[in-house]
Amino acid sequence: MPAPSRRTVLLLVTVLGTLAAAPALAQSNERPLQKAVIQVSDNDVQKWNLALNNARNVQDDLGGPEATDLEIVVYGPGIGMLKSDSPVAKRVADALKAGVKVVACENTMKTQKLSYPDMLPDIGYVTAGVVELMKRQKQGYAYIRP
Amino acid sequence: MPAPSRRTVLLLVTVLGTLAAAPALAQSNERPLQKAVIQVSDNDVQKWNLALNNARNVQDDLGGPEATDLEIVVYGPGIGMLKSDSPVAKRVADALKAGVKVVACENTMKTQKLSYPDMLPDIGYVTAGVVELMKRQKQGYAYIRP
Amino acid sequence: MPAPSRRTVLLLVTVLGTLAAAPALAQSNERPLQKAVIQVSDNDVQKWNLALNNARNVQDDLGGPEATDLEIVVYGPGIGMLKSDSPVAKRVADALKAGVKVVACENTMKTQKLSYPDMLPDIGYVTAGVVELMKRQKQGYAYIRP
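Residue numbers (my numbering), protein chains in the order written: chain W, 2 to 147; chain A, 2 to 147; chain Y, 2 to 147.
Next up, chain W with everything else stripped away, as it sits in the complex:
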């Protein structure tokens, strides 16, 4: 029985290489990091505290900042959470120090005539909070709306 020709073997290697890539593509959302995007869109201090508790509980339960990728997206009536006079300013600073991303919606800021100096230090900004929530879900982040 003759061995398969070199060209046949070459083709099979190409085929097997592509095969190995296919499940990898399909599983690209399953990175080791536990990822969640947390929405804050209510004008409600209790909700702000709950969102911050949620982030802390996830880090405590899942192995700290190294094992988690958390982002709090603040928009609409929730924007007061990130103004410089926010009643949860200290807790937002703690969350940022713990590696939680906190981002404000610039569309909301425009509507409410807020500019960057009106906001807490070290937070991030996105053009549209709702688009950020869509983008993150597409990237495999769980959605949490406290």
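Take these hints with a grain of salt, some might be off.
To be verified - In silico EDC-like pairs for lysine to aspartate or glutamate, Cα to Cα no more than 16 Å straight-line:
1) Y:Lys139 - W:Asp119
2) W:Lys136 - A:Asp70
3) Y:Lys111 - W:Asp123
4) Y:Lys136 - W:Asp70
5) W:Lys139 - A:Asp70
6) A:Lys102 - A:Glu72
7) A:Lys111 - Y:Asp62
FYI, nobody ran anything at the bench for these hints, they're computed from the structure.
Could you slot chains A and Y onto chain W? The hints should help.
Showing chains A and Y alone in chain W's frame:
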């Protein structure tokens, strides 16, 4: 060195064709359209306006109706948003004109003794709002709950 | 023209077998069961009833307990729903009988100084409600937040 036989080549072509299809199947949720389903289940005009703002912001930011597939699902205490006397009737009409789908939950309508003539024109209907939300998420829509 | 050698055929069979497995892996979230995780985190009896209605409507519409996998996750200010004096105790019992999982967040219980005897019978427990919500979404459950 002999060339691979025709039958070997034929088999390889079949294999490569199937391989090309495998990642396509895996990525079937990643169509170019940016898709989101927006839930309205509160009896709260501010929430209704926020949901409509959200839809408009997504279209503005992501390239208009051609680039987005948005559906607002209204159920439970939110159903008043779609009654013919809705305080946001004009804005719902604008959203429909902009290509946003707006659907009412028939289970809720039954409970609240509402029939189709009681509702805004041109909206859609689903048997159960919550089932629609499940179906859309399975189809790769992001979930937004303003 | 010579037929392909046995070794070539064997390699092709291996390749085709792997190919058949690739889409299966990619679609592992699409099991026949319709799965949803329902969040209750408000101190609001109307929301508790809405969550229980949602679970019942999903079962009614999608073929009963055999066809659905539903879990209600209760945390934060929502925890009162699962205390033994809950105004919806009877409805929670009915949901459990209908095969809906109902779980309480132990982090919340600790904060509110609640222990197991304070809670409704037959419910389940998770360390952190928010982590459960992340886990379920990763497993392909739709997220519903009434």
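The hints, checked one at a time:
no. : hint                : in the structure
1   : Y:Lys139 - W:Asp119 : violated, 37 Å
2   : W:Lys136 - A:Asp70  : holds, 14 Å
3   : Y:Lys111 - W:Asp123 : violated, 32 Å
4   : Y:Lys136 - W:Asp70  : holds, 14 Å
5   : W:Lys139 - A:Asp70  : holds, 14 Å
6   : A:Lys102 - A:Glu72  : holds, 4 Å
7   : A:Lys111 - Y:Asp62  : holds, 15 Å
Checked against the numbered hints given earlier, the structure breaks hints 1 and 3 and satisfies all the rest.
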